[in-house]
Each structure stands twice: as C-alpha cells, then as structure tokens.
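J.: Letter by letter, the chains look like this.
There are 2 protein chains.
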Amino acid sequence: MVKIIVDCFGGDRSPQANIDGALAALQNFDDLHIILTGDEEILKSELATREYPADRLEIVHAPEVITCEDKPTDAIRLKRNSSMMKAVMMLRDDDSIGGMVSAGSTGALVTGALVRVGRLAGVIRPAFCPVLPTMDGGIVGICDSGANVEVQPDMLRQFAIMGSIYMETVYGVKNPRVALLNVGVEAEKGDTLRQETYKLLQETDCINFVGNMESRDLLSGKYDLVVCDGFSGNVLVKTTEGTALELLKMLKKSIFSRTVYKIGALFMKKMFADMKSFMDYQNYGGSVLIGTSKVVVKGHGSSKAKAIEKCIEQAYRMETGAIGPRIETELAKYSHYEE
Amino acid sequence: MVKIIVDCFGGDRSPQANIDGALAALQNFDDLHIILTGDEEILKSELATREYPADRLEIVHAPEVITCEDKPTDAIRLKRNSSMMKAVMMLRDDDSIGGMVSAGSTGALVTGALVRVGRLAGVIRPAFCPVLPTMDGGIVGICDSGANVEVQPDMLRQFAIMGSIYMETVYGVKNPRVALLNVGVEAEKGDTLRQETYKLLQETDCINFVGNMESRDLLSGKYDLVVCDGFSGNVLVKTTEGTALELLKMLKKSIFSRTVYKIGALFMKKMFADMKSFMDYQNYGGSVLIGTSKVVVKGHGSSKAKAIEKCIEQAYRMETGAIGPRIETELAKYSHYEE
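Chains G and W are the protein sequences, given in the same order.
All letters in the first sequence, in the order written, are residues 115 to 453 by the numbering used here.
All letters in the second sequence, in the order written, are residues 115 to 453 by the numbering used here.
Honestly, the hints are just simulated from the structure, not real lab data.
It is possible that some hints are incorrect.
Note that the list lumps identical chains together, so a pair holds whenever it fits in one copy or between two copies.
[Unchecked claim] BS3-like cross-link-like pairs, simulated, lysine-lysine; straight-line CA separation at most 30 Å:
1) K288 with K352
2) K313 with K376
3) K288 with K367
4) K363 with K288
Chain G on its own, in the form it takes in the complex (with noise of 0.2 Å):
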C-alpha cells in the first residue's frame, strides 16, 4: 500500500477541490492509501455527500491553516496544528508515508520540508520542478524553477541528475535530454555561472546533456529538462503561463467584438476547447520538490480537483518508482565535489 498526505487546506478551492482530487486518485490506484488533513468535523461533512472506498482513506484533525500571509519561518514554528504542518510532522515521522500533496502556501512548504522534512543524502539543495506541455504533445521539465534564487554550478549539476531520474520515473520519458538555459546557445554564452556549469554538465557521464537552450524554444520538444537558477526558471515557466493566458484572453475578446468571428468561433468550438485544455496547467499537476528526503508536491494555488489528483499521481509514481534511492545513488557518484 501506498501512502500520501493531502493537505486540504490553504488552496483557493479548498477543501472540495482536494478531498475530490483524492477521491479520483482513490479510483485510479488500487493500493493507494489516502490521509486528509484539516479540520476534521469540515472533512467529514465534505465526504458524507460522496462515495468512496472508506478502508482506504482516513482523516487526520488539524484545525489551524496557514496563509499566504504567514511568514514561513513562523508557520512552521507557530501554526503546528495546521493542516499543513500536521502533514510535514507526519511525514517525517511515519515509516509507513510516501509523500505529501499541499496546494498551500510555497513558502511554508519550502520551508517546513527543508527544516522538517530533510534532504535526501547527498543533496545540497532540494529543487522544484515543474512540467510545461511542448507543441509536440510532450512534455518539459524546468529545474528549479523557484526554490533556490541563488545557486552554484554543483547545484545545478544536482538539478539536472534528480531532475532526469524525475522524468523517467514519473513520465517514463527515456535517456531525457537535458538542456541549461542560457542567453545564446553557444558554449561560451552567458555569466560565469553558466560557464561552468556548462563544463560541469559534459563531464557528468549519467546525464545525457544537449547543450544551451534560448528560452524561445522551451515549447519546442527539442529537449525533456531544462536546468536553471530558480530566479531564471521562475521567469521561464512564468512568462510562458502568462503569455499563453493573455493570448488565450486576447482571443476570446477578439471573437467576441464582431459577430461575424462570433459565427466563425461556432465552427471551431473544439478547437478552441482543445487548445484551452492543453494549455490548462490544471492537466499537468504539481511543481514536486525534488531531493527531500520523502516526497513532497507542490499544487498551484488555483488547483482544481483536476490538477490534485494529477500531484496524487506524481507523489504515487515518484514513491512507487523509489525516486529517493536512485537519486542518493547517482548523486554518491559525484559526491567529491564539495557541499
């Protein structure tokens, strides 16, 4: 049996998005075992209106929640009846727990799995890493694309090992190619932290390293990671959800403002349809925290059920695919660099 935390509090759709995202989960994998945190007497209301398998899914009390407004270091201190915290707590403590799924705050997350939770062994900074669908119909992932704002090549060569094991164990995606972003593509580009990097990256014989990438051609399906500083990939991933949401908004505008495209719009409402649903980041999941020492997802704020069973998911395949082992394995390889 496998075991994953949902925190059901602290995302803008909570608690309903979470417990039906956990209840879809439930359906899709029969040896997951499911724990709801949160104010138990709210839960259970929720579940009394729903059907589901109820030998597989308990609830765990914890009244408190954390705000975006709390400050991290605090919550994880101060809110330990949250239903957050509660989560973290027993995820560090429980054998038995895989993982966890919180569409909370970043901050108190980030910063109750680093303090709470740990590192797996050998790595010097957990990152995140979130995926982007490609014109191609793949995927990409970014990493980091938000947890660490500063960072050393060693750092980023630990990105771009967990971040491969990560695509193959949860997306099955072979030998992934990996790219660190850079200003040109051209070996020589950038500051010198891309430099080195760059240098680091060819010498790690367990990655299959591409290159530089322009950010222009994140979507393209020329590569399945893309390494960088969390400053950079917080820009990255970003910048490409808002232009897609503004152009998906401008669109929309445009066809309403004349009747005549309101007519044409009739023809293509699948098209449209489609398009919107392949752009929702709701289908991709979670940003998951690589290189804690148990697994830890991300949600998007905005999460709907959708997009909580999708990090059920990734929690399950990261568990289920033992990611922990075989990211402490590559890493022990490399382990002479300093920490």
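Here the structure of chain G is known, so what remains is to put chain W in place on it, guided by the hints.
T.: For chain W alone, kept in the frame of chain G given last:
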C-alpha cells in the same frame, strides 16, 4: 537635419530590407538624412530600381560583412572595412551624425559601441531596451534585455533612470511606471541583488517606482518599464516571443487539421491577421542600446523593411529628443555612487 547611418549588411534580409526601410523612413521625416554603409556596387544597383530623395541619401563604401561567426573582439579589430564597423567609426568621428541602426551581429555591435563609441558621462554600462505590446494596446519596455548578464544594484538603478527617459522621449509615456522583475511582488522577495535594488529604486526620486513585478504580468499593461539583469531580461523577452510564436503555429496547425475549422477560420480571417500583426515584433522596431554616447539601435536579425523603418524612427526620436544630454543630467544627480 538629423543624420542616421544604416548598416545595410549582416541581417537575414540584407540589403533589400535595410534599403527599403531607409527609403520609407526618408518619406516619414523631411529633416532626416540617411547614410547607407555596405558594398557600394550592390547598394547602387539596388537603389537604381527605386525612387528616393537623392539629396538626403548617401552611400559609404564598406565591402566587408561581419557575420555571427565572427568573434566580436576580432570583428571590431580586423573588419574595419565592414558595413557595421565603418558605421561605428563614422558615428564616433563625425559630430554631425546622430545615430546608427544595424541588424547585424549583436555581439559585434555591442562591443563596437562600447569600445569605439563609448558611454555617456556617468553611465556604468549601457543596456538594451526593447519594447513589447501589452494586452491593453500599450507597450512595455524591458531594460536590460541582454547586454549585461552580471549586474549590480547601482547598474539596475541606472537602467531604471535611462529606461524611463527613453520611454518618455521615444513613446511619449509620461511618468513611466517602473517595476523590478522579481519572483514575487513583496518587497523582501528575491536574492540579495533584488532586495538591495528594491531599496535603491525606492530612494530614487526621478523615477516612478511601483514595486516588484512577477513575469506573468509583463503584458498586463500595469507597467511601462521593467528593470532586470540582462540574463533574466533575455529570458523574459525571448520566452514571451517564443510562447506567442509557438501558440500562433499551433493555432494555424489546428485550423488546417479539419475542414470545419478551415470554414470557421474564413469568417475570422481579419481577426487572425490583426492578432498576428499585433504580436509581430517587426512592428515594434529594434532594441535600442541606451547609455552609449551616440544613439545605437539594434534591429532583429530577421528584420524586414518595416522593422528597419521603425528602428530608424527610434533613432530619430532619440536624437531629436536629446536623450543623451537628458540621461547625463539625471545620472549626475546620483553620481555619488561608486562606478
């Protein structure tokens, strides 16, 4: 008379696009005089088929061409007879010439401008400032978009001051709203560089600093100028362009996948053309280099005539708006910071 040099070689559509852009610009401004640099024979034979005001157009022979394969430092030393370096040297030596436009190698142009033309008084490092269209019909400038991959807070402050003057001089944006690119909107977000810059921008009276901006809000229309290091600025601009292009490609591919979509698209032909034109960077000119002692505008390598025409207009407006003296006056107020 405003004199601008147009480097006619080095771009993907040279020299035709450069010549056509120059002739269009001559029609727009009666007091504009253009000098074309490049192989005299080729330029003359191209001009023979076109009509233009001969008294305001001259050719300076420069038979060599700098390519993207040329190392910038070698190019400026060894290719003095190239269309770009001839332009750079004339810009430096001839006081009557106000600026230059080139669609050639970015590296060679930046190196040439820095080493041969030099900086305005008080400028630590010149920076690129392209503009992108926003969803409310306005524009937003991004400074720096790639000239400086490693920066300090006082450099970012200068980008904010110079960029503000640029947005006002060339685009008539009054009191431009300046934001700092960051991983969140709260003041304490980001690395040390961002935190220190935030404080510095707050203390700078001559700009309208409105706080941090997350990259997903770039096109929202809430900001007129975004200040960033050249690495993340490059990611910001290229990701926006790349995502927009990939989505347009996807839209086109989807439409052609089914007959009913093709029929629908017929009704929307003008709408799609408008959207495409709106997102086409050719309509927004080039990336100006702000902070050099003379005006330097870098057109996209794939610039068509329209883009070159816009680049010349940018150079013209910077020169007639006396952007150089204005920048020097403002920066002098903050000269107590170390350079």
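J.: Check the structure against each numbered hint from earlier and tell me which ones fail, lowest number first.
T.: 2
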